[in-house]
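Given chain V, work out where chain H should sit, using these hints.
First to last, the protein sequences are chains V and H.
Residue numbers for the first sequence follow the numbering used here, so the first one is 2 and each next one is one higher.
Residue numbers for the second sequence follow the numbering used here, so the first one is 2 and each next one is one higher.
Keep in mind that the hints were calculated from the coordinates and are not lab data.
What you are looking at is a predicted structure, and each value in this text was computed from that prediction instead of being measured.
Possibly wrong hints are sitting among the right ones.
One copy or two, either will do: identical chains are not told apart, so a pair holds if it fits within one copy or between any two.
[Unchecked claim] Here are the simulated DSS-like pairs of lysine-lysine, each with C-alpha atoms no more than 27 Å apart in a straight line:
hint: 1; residue 1: K197; residue 2: K84
hint: 2; residue 1: K239; residue 2: K216
hint: 3; residue 1: K199; residue 2: K107
hint: 4; residue 1: K199; residue 2: K61
hint: 5; residue 1: K56; residue 2: K239
Protein chains: 2
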Amino acid sequence: MMSLWRMPWFGASRGLLGTPGLRFQTVLHRHIPKLVLGTNFSSSTDKLVSRFCSKNTDLKDYALPNASWSPDMMRLYKELLEKTKDGEWIKMPSFKSNSDHIKGLKIPGQSETTSDKEDYRIFTRCIENEGQGYEYVIFFHPSKKKSVCLFQPGPFLEGPPRITHGGALVALMDETFSKTAYLAGYGLFTLNLNIKFKKVIPIGSVVVLNVEVEKIEDQKIFLSCIAQSPDQQVLFAKGSGVFLQLELEEE
Amino acid sequence: MMSLWRMPWFGASRGLLGTPGLRFQTVLHRHIPKLVLGTNFSSSTDKLVSRFCSKNTDLKDYALPNASWSPDMMRLYKELLEKTKDGEWIKMPSFKSNSDHIKGLKIPGQSETTSDKEDYRIFTRCIENEGQGYEYVIFFHPSKKKSVCLFQPGPFLEGPPRITHGGALVALMDETFSKTAYLAGYGLFTLNLNIKFKKVIPIGSVVVLNVEVEKIEDQKIFLSCIAQSPDQQVLFAKGSGVFLQLELEEE
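Next up, chain V with everything else stripped away, as it sits in the complex (with noise of 0.2 Å):
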């Protein structure tokens, strides 16, 4: 399969964000290309999905319960990974950093001279207290390209008094779009997001994101998201996201 890492998109360094003292100069700012390739990406996924889920790693795993779970989430959780047990469904891992996810991918952009000292956490998992921010875990079922999250938003992830921040729950949402755009056909960037509200979240409640990808076309994945009540008797938001798809290259 045909390398994409030599796309615009990356490159040499031309400082145009130069931002003396940090070390992220290298990813330039170009246009996000329009690549049109004949690759059939779905019939990767089994790959994919089994390199994203491999046992074979010491890496915390921050999809798994804890005590700040509430019997709603925990419900769900054990609902859905007994789901996974005739393989149809499997449990996403979720590590600190997308490195980790991609280990042994090739990343466009990054130089050899960058160093893993600064420690990077994946936006959504960067308030590390158990309940205090993010609590979620993310399954997905690979023949049928959707995914389901649960969400339980902590007292970190505030926007109006003791109501969720509409941006909290944008970011998760597209969180989860990408796990499933990736793992559905190496969508890899975010190309366009569009959110309705419909109902405030209470911090601390339960919400279920039922993310599907609706096609795959020019080289763009089209997905969509419902956040729900585990009842799905509150309907709270909407949405839809377009990723981009491109192929990492091994290392």
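Just chain H now, with coordinates in the frame of chain V:
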């Protein structure tokens, strides 16, 4: 002005999303009401601004420079601060929680028993260590109803390796929309968000978000946002947002 606090959105708990052990069940999740008010909100911007930016507080303002700010961030901050001297622009303070911002104003659905013991934080201030998460400051132009937000994402806002999470940008866009919508016309709750991502933002870059109120119609505030590099040569993202107009009542 009529009180909006008895609107159907809020009220006593019916436990739709009951999360035992938590204290937030008093906020209900009914449909966002379609209110039709003839009130001219714009006349009260000055009052809102002077209350919001009150100097009579000993709360920590997180929107102040610290050692993690890059030279670009500092330069832009100083330029905008200079513009506040003639009173045309104001620098918004940024406290730990929105409860601090609207002290003395009544929040719908919050009963007297709601305790403040829990440590709540506004999502975009959820990471307290300087430089690790969100570094940002918002300046507002009351008469033109527009804002400028300076944003420097830290390593805890990661999406793809070394690149800012799309959701982290959207959350700050939502936050800037929200504060602008509130001061420009009592905009309180996000109804819609729509974002087009154009280029990736490396961790540590400086991003300038220019937010404008496009129109206020049918009790909705329509806003736009352009996220660019400081020299305006790189367009990172464009967004729009719609907020519901609701006036807070004195306690």
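A quick look at each hint next to the structure:
no., hint, verdict
1, K197 to K84, "neither (30 Å within a copy, 36 Å between copies)"
2, K239 to K216, "both (17 Å within a copy, 24 Å between copies)"
3, K199 to K107, "between (40 Å within a copy, 22 Å between copies)"
4, K199 to K61, "neither (35 Å within a copy, 33 Å between copies)"
5, K56 to K239, "neither (34 Å within a copy, 40 Å between copies)"
Hint violations for this structure: numbers 1, 4 and 5, all remaining hints satisfied.
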